[in-house]
Amino acid sequence: MRKRNFVLFTTSIILLFFVSLAMAQAPVPSSQKKQTITGNYATALQAYEMWKANPDKVKILDCRTPEEYVYLGHPEMAHNIPSSVWTGVWNAEKKSFALKENPDFEAEAKKRFKADDTILIMCRSGNRSAASANRLAEAGFTDVYNMVDGFEGDKVKDEESYYNGKRMKNGWKNSGAPWTYDLDPKLIYATQQ
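Our numbering numbers the first residue of the sequence shown as 9 and each following residue consecutively.
Hints are computed from structural coordinates only; laboratory data are not their basis.
Straight-line distance between alpha carbons at most 27 angstroms, and here's what the computed BS3-like set of lysine-lysine pairs gives:
1. Lys-194 <-> Lys-65
2. Lys-108 <-> Lys-181
3. Lys-60 <-> Lys-118
4. Lys-181 <-> Lys-165
5. Lys-103 <-> Lys-174
6. Lys-41 <-> Lys-174
7. Lys-41 <-> Lys-102
8. Lys-181 <-> Lys-65
9. Lys-103 <-> Lys-181
10. Lys-174 <-> Lys-102
11. Lys-163 <-> Lys-102
12. Lys-41 <-> Lys-103
13. Lys-108 <-> Lys-163
14. Lys-122 <-> Lys-108
15. Lys-165 <-> Lys-177
16. Lys-181 <-> Lys-102
17. Lys-119 <-> Lys-194
Since this is a predicted model, take the numbers as computed values, not measurements.
Make the full structure from the sequences, and use the hints.
Structure follows, in structure tokens:
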């Protein structure tokens, strides 16, 4: 009897640990670009644990461009709905190609998700996903999170490191969570030509 009680107690503690880990929330980011109107934040690893605990209710939304999703990789279960699309126009001031807002973002999310689904939104490093979380919250989604470290993570800031300036600090890809280059037709964003 004692052994059985001990096993039940130990199992309960372990289960409680994993549930609390899955329900843990990242603190409010210091960068205003990563803050949302919902106040819901998760790291990539927390997001993966939340999804594993309830994959029918918890959805991963990758709001990066289809080009990023395809060529840089993506979480195996992530729906790609870009909040912005690539224009091909060079922005000399930012030293990058310009993006424009995807007017179909909210409508596409409504096709794939229920308003009360838990939606964990990622981009490259947590900025676009914050804006995307705000857009979905304003469109009526009630449980949206910004994945604050995104797919690639934040840049390393260490002059002594070979990785200085590279996105190797955190993020989905660097956390060890599963990702792929393979494409699932049910998850990709495909516009009609």
